[in-house]
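Engineer: One letter stands for each residue in the lines below.
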Amino acid sequence: MNTQKITKNKIKGIIGRHEAEKTSLIAILQDMQNEFRYLPKEALVAVGKHLDMPLARVYEVATFYNAFSLKPRGRYLVEVCAGTACHVKGGFNLLAKLERELKIECGQTTKDGTFTLEQVRCLGCCSLAPVVRIDNDIHAYLTQDKIPRILKKYRK
Amino acid sequence: MSKIVKMEDLNKAKKRGLDALMPRKTKIMVGMATSGIASGAGEVYRALDSEIKKRKADIILKKTGSMGMDCIEPLVDVITPNMPRMAYGRVTAKQVPAIIDQILNGSIDKEKPTYYMGEEDFIVTGEKIKYYKGKKPASLKGINAIGDVPFYKKQVKLATRNCGLIDPENIDEYIAKGGYFSLYKALTTMTPDEIIEDVVKSGLRGRGGGGFPAGTKWRSCRDAEGDIKYVICNGDEGDPGAYMDRSLMEGDPHSVIEGMIIGAYAIGAHEGYIYVRNEYPLAVANLTKAIEQARACGLLGKNILKSGFDFDIRISQGAGAFVCGESTALMASLEGKAGEPRAKYVHTVEHGLWNRPSNLNNVETWANVPLIIARGGNWFSAIGDKASTGTKVFSLVGKVNNIGLVEVPMGIPLRDIIYDIGGGIPDGKEFKAIQTGGPSGGCIPAKLVELPVTFDDLKKAGSMMGSGGMIVMDEKTCMVDIARYFIEFLESESCGKCVPCREGVHRMKQILEDICEGRGQEGDIELLEDMAGAIIDGSLCALGGSAPNPVLSTIKYFREEYEAHIRDKKCPAAVCKALIEYRIDPDKCTGCGLCPRVCPTGAAKGKIKKIHTIDQKKCIKCGACVESCKYDAIIVE
Amino acid sequence: MVNLVIDGKKIQAKEGITLLEAARENGIDIPTLCSHESLEPSGACRLCSVEVTKGNRSKIVTSCIYTVEEGIKVNTESERVKKVRKLIMELLLARNPDSDVIIELAEKLGVKPQKRFLPDHDKGKCILCRLCIKTCETIVGVSAIGFSSRGATKIVGTPFDEESDVCIGCGACAYVCPTGHIQMETTGDTRTIWGRTFKMTACNVCGRYFAPEDQLKYISQKTGVPLKELSTCTSCR
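Protein chains in written order, with my numbering: chain S, 61 to 216; chain H, -11 to 625; chain U, 3 to 239.
Calculated directly from the structure, the hints in this document are not laboratory data. Being a predicted model, the structure only gives us computed values, none of them experimental. Every residue, glycine too, gets a C-beta built ideally from N, C-alpha and C. It cannot be assumed that every hint is accurate.
A short, non-exhaustive set of chain H residues, derived as facing chain U with CB atoms under 7 Å [unchecked claim]:
| hint | residue |
| --- | --- |
| 1 | Tyr333 |
| 2 | Glu479 |
| 3 | Glu491 |
| 4 | Gly492 |
| 5 | His494 |
| 6 | Leu515 |
Chain S regions said to be covered by chain U (calculated; three or more residues, Cβ under 8 Å) [what the hints assert, rightly or not]:
| hint | segment |
| --- | --- |
| 7 | 103 to 116 |
| 8 | 119 to 126 |
Taking lysine-lysine pairs in the BS3-like style, the calculated list, with each CA pair at most 27 Å apart, reads [what the hints assert, rightly or not]:
| hint | chain 1 | residue 1 | chain 2 | residue 2 |
| --- | --- | --- | --- | --- |
| 9 | U | Lys125 | S | Lys131 |
| 10 | H | Lys41 | H | Lys13 |
| 11 | S | Lys109 | H | Lys325 |
| 12 | S | Lys206 | H | Lys618 |
| 13 | S | Lys101 | U | Lys156 |
All chains, full assembly: derive it from the sequences and hints.
Structural biologist: Next up, the structure:
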């Protein structure tokens, strides 16, 4: 998935799909996040204007929820499940391995913009624990030794 | 889709549904809930589709939700006329041609089904319809009926009655299973008071965690002053290791919708909201479709079933905040704000969403409602335990053999869930504890394995029912690490509004980190206990008010493990990295050369066929060597 | 009127008022940090926690939000209350070790720093009470500042931590801040707050710099009073 180009038209288009009510704020931000894979500043400013809402209130909501990111994410989002089932099965070792392999810390994006590494609360596929999700692919029963090969597939 | 107004319209839909459910030709159903898809059901579905097309076979291919036994997914069900329904577990795309072969030539020799179902249970109406007439086919010898599969044997499926059995995208199949007949009964023959009375009689308590009696809540909301009222469905299932509500929303969305319409009628609400967790796209998709279908049939909208009652539902998606499972935070989020809770001195049934009377129940609670209306409050209350009636869905995960969703009658002992349904602990390890209630719950030790699962017994044991996560832990699980894990979770999920939760949980985490990393001090346990009491008393909402539970329950039952970390700087379960060492057992090492190859720091060394060693100075305790060693030669302690 | 007992004292209070108000009217002191008479209570600091007994059940509530009820007994100094207050003060001492207000209040309440809590040095004197945010939103009406993030990383500031173009430099936030966290510097013809420097207006009578230009423009716009009339300081008016 590529980061979409941010244009005024796109921002306008997303905002236009929603009613100009304050209650639409989260839904609009979700659409923005899906489109751009992060929330660009100009989008937040535009949403505030559209909903007649101070930027400070928009910013509060944008920084409160986990689903929103104010920093551009990489081409692929690598999410290590931090659910309880994955934790008791050593999911934390996978995170450490990914940090070493990608040479970034959790929450960061690789220099080439390919991967962003994050932890996710629980993917709810506890029977496959421990799991890592890369964009929409679930990698089940994952062990450290499989990680380099998996990353290579995406690097291509 | 034709409008449903009269009983005869419902009966017509039921007939269509039955034809789809148990058709006169072969039908294949693939369990395509999130759990199934994650296990590779999508690939199996595509393989089936192309194989059926390739052979021009007259077979219907459908998607269904999850039966709950996640550990045998992808699950493929085959329904052939006058044959038992056959379920194939752990199917791969490779097996597909052989399965189609079998279907076409009527044998079951190459691919053995995991179990079969002799009849379809219509719990809403109390009917059962046999899949076949006469004797059980001889070819099924040695294959268990579903009722004899240990995983299903002790289960009673009320809330999840349709999950994995119907096509969630087809409203007719839901109606065929008795769906929307309860709505008809409620709207055409019952007064709101009679409905509430029935729900009170059923003893139904909230399945989201608190266990508040649903009927009482409905009554308060009905009695609250105000013309505009709301019903809300809490689908913000945030507990890590819990996914019951997701499975319901994905596998049987109409049961939730029907429950909400009945509730709205009883309370006097005309607008409803379903708040779904951000991470559940399939649940949102299936709910959206179901709502559209219900609208098209006239079961949502104006003048439902010509009763004069108007009601509609909107879906709202969460954006990733555990605290939004708390009702006042959820309502703030529905209003488009940051999910900060407010003090509940004035109840939400009086002043909730937009300050109006609002009745919030969890997904599973709503899904039980149609069944209560259909069979009566007394029928429901006879199931389960006296003060905790009915069933509860749990996600049984962690160090247990059969992982999945289970629905059991309340009052069942933990032992039955862990050993009979769950099949015990893998790899011959010892059962140590079970964590229930999510981050607000607690760890129940092995010695309490006979504890009956009820709201009150779990609370007495220092845990809680919660929304239904059950995480089984074995001897290799460190209880201090588990406490640290949950507190870390809560620290980052605290909204940050009130001091005891924001700062108190943060400081608890620092102390627990110290203990896990060998910097624990004498007095830390007592300090944690003291802090816990003040945080519980002083916090603004239930998140902070229950945050110390994982710490308190692990201290209560595993104090010696805390002491070992603090005094002896040892982690008895060999989990806490700062307190353990990796060594090679010279008796077991064969010198295979694998661990030096996988070791990222060069700590594991040794020539081929010579016993290997680990350099403690270089070892980062990543566990790669343990994972790779085929001879169990790495000692961690 | 509602009858209740606070610390053994029989009290009659107007219906709808909070326990805190009822206590203060009767000379009973309950410590607070985030409460302010002209702003809605939020119950964030929890320092005003008291124990309420109804029949044979008792619970801890925040007196700034909880309204008086007939027949309840309120204890502002029970053991449970003291434990909550002690922890809150220990937590705030660790969060804001340089705040004189917190140190003094802790001394008054007899609370010493908890040695096991390592003091923070990145939070300034802010206790996240939200008085500044509410003042800016509901009294001033510009909403230049707000929260960002949540939990232990929550902070107060301008969006993106950049100069706010809606801030009018009025300084009401600094004025209402209970711990003196918000820095406002006024020197001659400029005032700096939240990273932005404002030009001050000199009084057209006495020549003293008395208010930021943006503030006067904002007031003029809101009230319709010509800017010229606003350019006289309050003491010369």
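Engineer: Determine for every hint whether it applies to the structure shown.
Structural biologist: Structure-based check of each hint:
Against a cut-off of 7 Å between C-beta atoms, the interface hint on H/Tyr333 holds, since the closest Cβ of chain U lies about 5 Å away. Here the hint on H/Glu479 is kept, as its CB sits about 6 Å from the closest CB of chain U, short of 7 Å. Taken as an interface hint, H/Glu491 checks out: its beta carbon lies about 4 Å from the nearest beta carbon of chain U, inside 7 Å. A distance limit of 7 Å between C-beta atoms decides the matter here; for H/Gly492 the minimum to chain U is near 6 Å, and the interface restraint holds.
Of the supplied interface hints, the one on H/His494 holds, with its beta-carbon coming within about 4 Å of a beta-carbon of chain U, less than 7 Å. Because the smallest distance between the Cβ of H/Leu515 and any Cβ of chain U comes to about 6 Å, under 7 Å, the interface hint for this residue holds. Counting residues of the segment 103 to 116 of chain S whose beta carbon lies closer than 8 Å to any beta carbon of chain U gives 4, which meets the minimum of three for the stated coverage. Counting residues of the segment 119 to 126 of chain S whose CB lies closer than 8 Å to any CB of chain U gives 4, so the stated coverage by that chain holds, three being the minimum.
Our distance criterion of 27 Å between C-alpha atoms is met by U/Lys125 and S/Lys131, whose separation comes to about 23 Å. Restraint check for H/Lys41 and H/Lys13: satisfied, since their Cα atoms lie roughly 16 Å apart, inside the 27 Å limit. At most 27 Å may separate the alpha-carbon atoms for a hinted pair to count; S/Lys109 and H/Lys325 meet this at roughly 16 Å. A hinted pair counts as satisfied when its Cα atoms are at most 27 Å apart, and S/Lys206 with H/Lys618 qualifies at roughly 16 Å.
At most 27 Å may separate the alpha-carbon atoms for a hinted pair to count; S/Lys101 and U/Lys156 meet this at roughly 20 Å.
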